[in-house]
Amino acid sequence: MARFAVRRLAGMVVVLFAVSVLLFLVFTVLPAQNPAQQLAGKNSTPQLVASIEEEWGFDDSLPEQYLSMMGKVLTGELVSYRPRVDVLEQIVERIPATLSLSIGAAVIWLVLGLALGYVSAVHAGGPLDRLLTGVAVAGISIPVFLIAPVFLYVLSYQLGIFPSGGYVPLTENPWEWFTHLVLPWFTLAILMIGIYGRVLRSKMLDTMNEDYVRTARAKGLSERQVMTRHVLRNSLLPIVALFGLDFGGTIAGTAIITESLYSLDGVGNYAALATANFELPPVMGVALYGAFFVVLLNAVADIAHAYLDPRVRLGEDAS
Amino acid sequence: MAPDPPTAAPNRVGAHGPWARAGRRFLRNRAAVAAAALFVLIVLFVLAAPLWADHVAGTGPNKSHTLDKIEVDGEQRDVVNVEGLPLGPQWFDAGGKFFLGADGRLGRDEMVRLMYAGRTSLLVGVGAALLTSMLAVVLSLLAGYYRGWVDTAIARTLDVLWSLPVFLFGLAIGISLALGGLEVGPIAISGGSLLIPIGIIAVFSLPYVARPIRSQVISLTEMEFLEAARAQGAGPIRVMWSEILPNLASTIIVFTTLAIANSMLFEAGLSFLGAGVQPPNSSWGLMISGGVDLLKTQPLLAIAPGLMITLTVLSLNLIGDGLRSALDPHSRTGIEEARTGAVSVKPTEGPA
Chain V
1 MARFAVRRLA
11 GMVVVLFAVS
21 VLLFLVFTVL
31 PAQNPAQQLA
41 GKNSTPQLVA
51 SIEEEWGFDD
61 SLPEQYLSMM
71 GKVLTGELVS
81 YRPRVDVLEQ
91 IVERIPATLS
101 LSIGAAVIWL
111 VLGLALGYVS
121 AVHAGGPLDR
131 LLTGVAVAGI
141 SIPVFLIAPV
151 FLYVLSYQLG
161 IFPSGGYVPL
171 TENPWEWFTH
181 LVLPWFTLAI
191 LMIGIYGRVL
201 RSKMLDTMNE
211 DYVRTARAKG
221 LSERQVMTRH
231 VLRNSLLPIV
241 ALFGLDFGGT
251 IAGTAIITES
261 LYSLDGVGNY
271 AALATANFEL
281 PPVMGVALYG
291 AFFVVLLNAV
301 ADIAHAYLDP
311 RVRLGEDAS
Chain E
1 MAPDPPTAAP
11 NRVGAHGPWA
21 RAGRRFLRNR
31 AAVAAAALFV
41 LIVLFVLAAP
51 LWADHVAGTG
61 PNKSHTLDKI
71 EVDGEQRDVV
81 NVEGLPLGPQ
91 WFDAGGKFFL
101 GADGRLGRDE
111 MVRLMYAGRT
121 SLLVGVGAAL
131 LTSMLAVVLS
141 LLAGYYRGWV
151 DTAIARTLDV
161 LWSLPVFLFG
171 LAIGISLALG
181 GLEVGPIAIS
191 GGSLLIPIGI
201 IAVFSLPYVA
211 RPIRSQVISL
221 TEMEFLEAAR
231 AQGAGPIRVM
241 WSEILPNLAS
251 TIIVFTTLAI
261 ANSMLFEAGL
271 SFLGAGVQPP
281 NSSWGLMISG
291 GVDLLKTQPL
301 LAIAPGLMIT
311 LTVLSLNLIG
321 DGLRSALDPH
331 SRTGIEEART
341 GAVSVKPTEG
351 PA
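Protein sequence lines correspond, in order, to chains V and E. 1 is the number of the first residue of the first sequence in this note's numbering; add one for each residue after it. 1 is the number of the first residue of the second sequence in this note's numbering; add one for each residue after it.
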């Protein structure tokens, strides 16, 4: 078990390294414009550009630039170009909004997604199953681009039930915090409900064919007991891995469009703005912060998976 | 009359090829057939763009009408009023002009734009999905056939691609290339080219298509018929092309269909944030980003393109699901595999 965990965490470090190198290259090699020129502005003198290059280290070789940037990332001294502010501070400031969005949405999608999958699997093939499968496919297919404008227009502008965006810290006003987040939560959760419902349903249908389920029935357990104790429990394993990634992703700020549509100033929104302004340091900071969460939760989920299912850690079922 | 030879016995199932049987199974799936009809309608809708533009609306997708007036029920109305707000939907009141209203300060015809933008969205979605599938098939065949270090290199690359914050990367590269274009040796692509979003989406979607295909190739290489082909002296190209590839057909068809849906969502996300399709081209995602600013007064400007994306993605997902169950009746899964990648569990980091 310990060896499995160590191997998994070592893999995580390699992935993070690869992510940082790739991102660095994307931002240093691809842009047509020299970042020093960009910082200096249009009507700048060559001397000014040269001094900016000197100051920020743009004239160093690429490996040197990479090392100095990573040094700053690790010590938390990364500074964005314009305005010149501490990137780590900016990210930390926005974590509560992103975390509130992620946790609330995750609760909704887990509860509703698992309920949908369970009911669907228990009634497999019947009209209820077909209805719920239809709901799941619709959920998967409706992008946040449609959900958010419809929610905003109907529930906010027309009916005035919910505010139209923004974020109020929980410590400031719990009720306002809640009302500001209801729409983003559901917007983000709808897609996931469909995916989780379908994954659970298909896993449960597979599990139902296992011998141990037949044994459980033969022992005389009630249908409900067979379903919850044997089928559901064993079908939840892949959900653990899936959840680790999805939740890691939303915490990491991948809900960029949801955050931007609801003017929720979270980590994703920060990354989107920085990308649009071509600021490498914030994007690097967010991406590494994000990749860290994604990879960490992925590893945690894998380890949890291995802990729950000995076949995985013994390498029998590790595909 | 000579009796029928035993091989031609009226075994109804055996009398038809697997494709014909799959086709019949697909046609029995009402949801899939309805979805296919819907998809055809959407394609016809975008193909009809020039017809609508020339004969009904009388304007082009990028023609500005800021200072123009149109006649509605004998009354003159500003396309863009003094406060800078555009005309709302006119439906057929102005003879089909400004059917969905005007799109903002520029006063362009929203309906005409919607139709033309759909062409771009579909083109990018289909283009990226085809490119991804082609790359995925080539890489999977190489990995599965040669194994060893070739497989390790390909599999690890896919793993790294898999764990990247894909959307953020796509965003960064998209904006970078949109500003500067791309010049690699003799190839020069300008910043506004559709090849840029197509390429970005294709590369970042690769793991979702390549991983399941690769694992299928690997299980196929252990089959006896490949050994037989090699024993007959078939070289690597022949084995890959005429022995392995035909067995991958159904997987490729299903995953390409689902990849179109995912690529269109990816494109919409990139374009929404300004890193995908660039003006003067337009796409549904780009139209939404313009429309949300006017959501309060003209909700259709954001909702109409959003609805088009949804209908297209929904129809493609249902078609993909229907193809899956028609081509592989034993499988019970579909969309979630394209999302979770069939082998290990991982959702697409599509835009959320």
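If you are wondering where the hints come from, they were derived from the structure by calculation, not from laboratory data. Keep in mind the model is a prediction, meaning the values are calculated, not measured. No residue lacks a Cβ here, since even glycine has one placed at the ideal position from N, Cα and C. One or more hints might be untrue.
Stated by the list, open to error - Calculated from the model, a selection of chain V residues having no Cβ within reach of chain E, i.e. all distances over 10 Å: (1) F4; (2) R8; (3) T45; (4) L88; (5) L128; (6) F145; (7) L170; (8) F178; (9) V213; (10) S222; (11) T228; (12) L236; (13) T254; (14) D265; (15) V283.
What the hints assert, rightly or not - Among chain V residues calculated to face chain E with C-beta under 8 Å, some are: (16) P63; (17) A138; (18) P169; (19) A291.
To be verified - Simulated DEER-style distance windows between Cβ atoms: (20) E:E83 with V:R130: 46 to 56 Å; (21) V:P63 with E:W149: 41 to 51 Å; (22) E:E222 with V:T171: 52 to 62 Å; (23) E:E83 with V:E172: 34 to 44 Å; (24) E:A234 with V:D309: 25 to 35 Å; (25) E:R30 with V:Q158: 44 to 54 Å; (26) V:A5 with E:R147: 20 to 30 Å; (27) E:Q76 with V:F178: 42 to 52 Å; (28) E:P186 with V:P63: 47 to 57 Å; (29) E:R30 with V:R224: 28 to 38 Å; (30) V:P63 with E:L130: 48 to 58 Å; (31) V:D129 with E:W149: 22 to 32 Å; (32) E:E227 with V:F17: 33 to 43 Å; (33) V:Y157 with E:A48: 27 to 37 Å.
Each hint, compared with the structure:
no.	hint	verdict
1	F4	15 Å, holds
2	R8	12 Å, holds
3	T45	23 Å, holds
4	L88	17 Å, holds
5	L128	16 Å, holds
6	F145	5 Å, violated
7	L170	22 Å, holds
8	F178	21 Å, holds
9	V213	16 Å, holds
10	S222	25 Å, holds
11	T228	21 Å, holds
12	L236	12 Å, holds
13	T254	6 Å, violated
14	D265	15 Å, holds
15	V283	6 Å, violated
16	P63	20 Å, violated
17	A138	7 Å, holds
18	P169	23 Å, violated
19	A291	6 Å, holds
20	E:E83 with V:R130: 46 to 56 Å	50 Å, holds
21	V:P63 with E:W149: 41 to 51 Å	26 Å, violated
22	E:E222 with V:T171: 52 to 62 Å	59 Å, holds
23	E:E83 with V:E172: 34 to 44 Å	35 Å, holds
24	E:A234 with V:D309: 25 to 35 Å	41 Å, violated
25	E:R30 with V:Q158: 44 to 54 Å	35 Å, violated
26	V:A5 with E:R147: 20 to 30 Å	29 Å, holds
27	E:Q76 with V:F178: 42 to 52 Å	49 Å, holds
28	E:P186 with V:P63: 47 to 57 Å	29 Å, violated
29	E:R30 with V:R224: 28 to 38 Å	33 Å, holds
30	V:P63 with E:L130: 48 to 58 Å	38 Å, violated
31	V:D129 with E:W149: 22 to 32 Å	46 Å, violated
32	E:E227 with V:F17: 33 to 43 Å	41 Å, holds
33	V:Y157 with E:A48: 27 to 37 Å	32 Å, holds
When held up to the earlier numbered hints, the structure conflicts with 6, 13, 15, 16, 18, 21, 24, 25, 28, 30, 31 and fits the remainder.
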